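Peer 1: If you count the sequence shown from 1, you need to add 17 to reach our numbering.
It cannot be assumed that every hint is accurate.
Now the in silico label distances, taken between C-beta atoms and shown as ranges [as the list claims (entries may be wrong)]:
#	residue 1	residue 2	range
1	L177	L299	25 to 35 Å
2	P223	A131	36 to 46 Å
3	L130	H42	22 to 32 Å
If you are wondering where the hints come from, they were derived from the structure by calculation, not from laboratory data. No experiment lies behind these values; they were computed from the predicted model shown. Virtual Cβ for every residue (Gly too), placed ideally from N, Cα, C.
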Amino acid sequence: MPPLIEGFADRSRAFLSVQTGCDGHCSYCLIPQTRGPSRSLTLEHVLAQAKSFLASGFRELVLTGIDLGAWGRDLPGSTGGLASLVGEIARLPGLDRLRLSSLDPSDLDEPLLALFADRAVLCDHLHLSIQSGDDAILASMGRRYQRRQILDAVGELRRLRPELILGGDFIVGFPGEDEAAFARSLDLVERTGLLLAHVFRYSDRPGTEAARINPSTRVPPSIMRDRSRRLRDLAAAALRTETRRWVGRRIEVLVESCAGGEAFGKSRGFLPVRFPTISEPLPGEIAEVEIVAIDPGKGGLIGRKKEIERT
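Start from the sequences, fold in the hints, and give me the full structure.
Peer 2: Written as structure tokens, this is what we have:
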């Protein structure tokens with residue numbers, strides 16, 4: 018498999034794709050047919066690319082993959098899975114932040130959870146491919162977990178990382194989703210403290226199992242739009258509450274860009290932060306910022322710079 022690497026030209030963070038393809042059988046998805054089975058880059062290849070990014074000045078690495086949690090399962094020998102890969106990368110000199118792009122809840126096994134306890138370089142942010150909070154809908158979707166597994170995994174994550182910022186993908190209007198099933202998705206958002214919701218309205222993909230589900234179970238578009246809005250609004254309200262909690266604190270911000278006398282970047286929890294600056298920091302620099310207000314229009318934070326660490 019050819020190298021699967023990419024990075025931002027601004028050198029704030031680099032994306033390292035370690036896996037492609039998927040062995041899952043989600044009823045609404047064609048990725049296994051279009052991208053093929055899961056295929057992983059070797060540990061040696063990944064580490065070489067990670068070191069190359071760090072030598073080029075990147076401070077943050079983001080591990081990506083179509084089914085990131087499947088890394089290593091297709092490789093010969095015992096790889097130790099994704100937790101082993103993350104542990105090796107976390108030890109690399111010069112790495113300030115390591116972020117995981119997206120995981121299934123079933124990927125959060127004990128070895129991976131343990132890394133959140135003793136690898137400070139792992140960011141306080143995780144995005145989960147949840148899709149629904151209802152067990153019957155999850156089963157119809159062909160997902161590899163149930164509601165209880167989501168709650169247990171997130172509960173353990175929050176015990177290890179109390180300030181974790183959690184995001185998630187949801188599909189609303191999947192065939193058979195009635196109001197009670199959707200209410201369980203809303204309840205899951207509240208119970209997990211999810212703040213960043215990526216919500217998609219279901220649509221048929223020809224050739225999938227879901228497209229052949231009885232038409233009588235279809236959710237009208239108007240109801241899908243309403244459910245999408247309600248789920249987004251719930252997460253957005255929780256995000257506003259969370260951002261207020263950060264006012265008065267000092268945090269590190271990875272600078273992404275500068276314009277109009279302001280610098281823009283992300284916290285370790287992936288919250289957007291902007292702050293005024295006289296001498297513009299370079300993208301990729303880390304600024305110590307005191308949070309003085311929230312940015313209600315963008316769900317982010319407004320800060321005052323304390324110090325810039327030059328690369």
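Peer 1: If a hint holds in the structure, say so; if it doesn't, say that too.
Peer 2: Structure-based check of all given hints:
1. L177 - L299: 25 to 35 Å: holds (33 Å)
2. P223 - A131: 36 to 46 Å: 43 Å Cβ-Cβ, so the 36 to 46 Å window holds.
3. L130 - H42: 22 to 32 Å: Since the Cβ atoms of L130 and H42 sit about 25 Å apart, the hinted range of 22 to 32 Å holds.
Consistency note: the structure conflicts with none of the earlier hints.
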